[in-house]
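Number of protein chains: 2
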Amino acid sequence: MRKPKIVVLGAGYGGLMTVTRLQKQLGSTDAEIVLVNKNDYHYETTWLHEASAGTLSPDQVRYDISSVIDRSKVDFVQDTAVKVELETKKVILEKGDELSYDYLVVALGGAPETFGIKGLDKYAFSITNVNTARQIREHIEYQFATYKVDKKPERLTIVVGGAGFTGMEFLGELGNQIPRWCKEYDIDKEMVKVVCVEAAPTALPGFDPELVQYATALLERKNVEFRIGTAIKEATPEGIVVAKGEDDTEEIKAATVVWAAGVRGNPIIVESGIENMRGRVKVEPDLRAPGLSDVFVIGDCSLVINEEINRPYPPTAQIAMQQGELVASNLAKLVQGKTNLDSFTFDNKGTVCSLGDDDAIGVVFGKKVTGTKASFMKKMIDNRALYMIGGIPLTMKKGKFNLLK
Amino acid sequence: MRKPKIVVLGAGYGGLMTVTRLQKQLGSTDAEIVLVNKNDYHYETTWLHEASAGTLSPDQVRYDISSVIDRSKVDFVQDTAVKVELETKKVILEKGDELSYDYLVVALGGAPETFGIKGLDKYAFSITNVNTARQIREHIEYQFATYKVDKKPERLTIVVGGAGFTGMEFLGELGNQIPRWCKEYDIDKEMVKVVCVEAAPTALPGFDPELVQYATALLERKNVEFRIGTAIKEATPEGIVVAKGEDDTEEIKAATVVWAAGVRGNPIIVESGIENMRGRVKVEPDLRAPGLSDVFVIGDCSLVINEEINRPYPPTAQIAMQQGELVASNLAKLVQGKTNLDSFTFDNKGTVCSLGDDDAIGVVFGKKVTGTKASFMKKMIDNRALYMIGGIPLTMKKGKFNLLK
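First to last, the sequence lines map onto chains Y and E. Counted the way the UniProt record's numbering counts, the first sequence spans residues 1 to 405. Counted the way the UniProt record's numbering counts, the second sequence spans residues 1 to 405.
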């Protein structure tokens, strides 16, 4: 009898959790497992704001996939999935190969959501992957270096679009990094302007207002200027144009514009004709795509409703990893001929938003935390993600142990 | 009786040598000494190719002026001289101040000579000072980072205009640095192109042909492509256009163009109406400007003829420092009422052109040297310049001691 073939697309939090759990639960005769990923490394999406600000190096935020998978059970294919042919059960890869599957796990990350704002795709940077993160850091440093040559003040202005989770964490790192850059490039700190523009009526919507207040006050002390309730109308080669009052607009000249607001699903979802809302799939309780008994969708491409507030959970590493665990055990059941798949319930252990490596805010197990304690917990959360996928060796190698400040 | 006032413009090799010798030779009651410089630091012009390639940090190629001058004898003014009023014996400074003098030493560095080639001033970088050097390094790194995002091959092409001293030394550093950058940015080394374009019929004109052959072969092994006898016709936003055959041209697409050919005198010479040839002053034997008994000109702005070949000596640190020594002793004589000023004779101790930090070529005390030995001598020359101006403390702090490879 032919072994069933499980294909996992994406080696992010969800995909790697699926594969590492599968390789524990299944023997090498039970199933063929194939992992497809664009790079031969996994990167910590939740640490990219640090690479973007240069507070961590690109190498610190990634690790080799080969270091966590069991090669005797998992085949790794370095390629990019471009389309899923649902009828023929095949994945089309960028380099031209086709990959058939019995079960498919779509664990691909999302794409930046620019909400149709003109020029953002062209003139704004995005904290999307290791390459774009590194580009942001190099871009800012190049602007600082060039300021010393041509003295144009806008070279020292950084606009961050969005005061959500990523935006605030990035601002926290910038707050710590800018004084170091000023020293390195002989620049007066007062010349640097960091402006955060957020269309919503508050920073960190959904967070406890007291914590939001703590975070914005802290970032303001680090010279961040907030423009809350202000919509970006356009990004241009010179900076951005924001709404002002009813009909007016205002230009903010800035050499660096980083768009840190909103994630939509991966284009492959739409391309493959899987039922979706803005590229994300409202999955069944067992995490399968509606109407497809052999396709699971997890992570940024999936949409799970928080029944308490009747809104989707935001896409996070935490939820992706929990989904990966469940998909692995559901796949193990299917391979073993069982049909009683388990339903997914999100167990929210809390959320911590870092504000540089020395401060943070968050809610952990229902309790509000700030300051050093929150920062410590954030690092524990980061280390836990490493531990869940790669055990102690990976945690020792890539973990954050600068815990005492 | 009023103390005579000596104003020295520029804290390069010539200016600092003048001031540090003067402060030894004169007591604080003998003369008032004022040093004017744009920055509060001196930078090693001959090391800038290393900062430009990122093999040395900007901080490694500079030191604080305050660390070598005797504040009880020398006033330091951080400003830029814009004009000398010869009639009224005043220097006009950028910030608006005026500085009167009894004796003036113009020891300002040169400016890049672009020979009227279109677009070079706008689209090419120049290894001129710490700021432009740092900008070049940051620019290349930003291009490498961006290549990983947009995959445009020209981002990995670097054109160096000129195979003279600076050009060849910069190519040597690039040869060593590019493999490191490729590792840092996950780039295949084969994708990077370095093209050196030189209009003259040979690299390093004036150097021994055997040494030139050694240098070009070594750089070619480090993947530098030489286009000797090829003139740059134009620099554009996309790269450069070079002459090809009699009438034809060829475009070389390159995100980075570094112009490393030719130095002309400082614009202040022309601006002040001092007799000059392309901004450089053909000085009298005692290093005074023709017809001016109170103005000395040394370094890049001066022109001293090598009688043997009836051509000017190239502007180097070695000649500037020897000029500084002579000017200091001539000034001491003038202050003491003597009129028998000494004449300048250049004592050429040799020239070494580095090819990365591990190889070099040169002629030292009349002998040809290559390889590790030449590289060692180059570092000794670099350390000697530090020692001559700042003694042992400065040499220990900023010297090059990675002598054994």
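Simulated from the structure, these hints should not be mistaken for lab results. Among the clues, some could well be false.
As the list makes no split between identical chains, a pair holds if one copy fits it or if it spans any two.
What the hints assert, rightly or not - Taking lysine-lysine and the DSS-like style, the derived pairs with C-alpha atoms no more than 30 Å apart in a straight line are:
| id | residue 1 | residue 2 |
| --- | --- | --- |
| 1 | K253 | K193 |
| 2 | K189 | K398 |
| 3 | K151 | K38 |
| 4 | K338 | K83 |
| 5 | K222 | K373 |
| 6 | K38 | K183 |
| 7 | K253 | K148 |
| 8 | K189 | K38 |
| 9 | K151 | K379 |
| 10 | K95 | K148 |
| 11 | K400 | K338 |
| 12 | K3 | K222 |
| 13 | K122 | K193 |
| 14 | K282 | K118 |
| 15 | K151 | K83 |
| 16 | K333 | K349 |
| 17 | K148 | K367 |
| 18 | K152 | K95 |
| 19 | K349 | K90 |
| 20 | K5 | K222 |
| 21 | K244 | K338 |
| 22 | K152 | K189 |
| 23 | K398 | K222 |
| 24 | K373 | K90 |
| 25 | K148 | K183 |
| 26 | K122 | K349 |
| 27 | K189 | K368 |
| 28 | K118 | K151 |
| 29 | K3 | K368 |
| 30 | K397 | K233 |
Quick caveat: nothing in here was measured; it's all calculated off a predicted structure.
Worksheet entry | Hints not upheld, ascending by number | Of the numbered hints, 9, 11, 12, 17, 19, 20, 21, 24, 26, 27, 29 and 30 do not hold.
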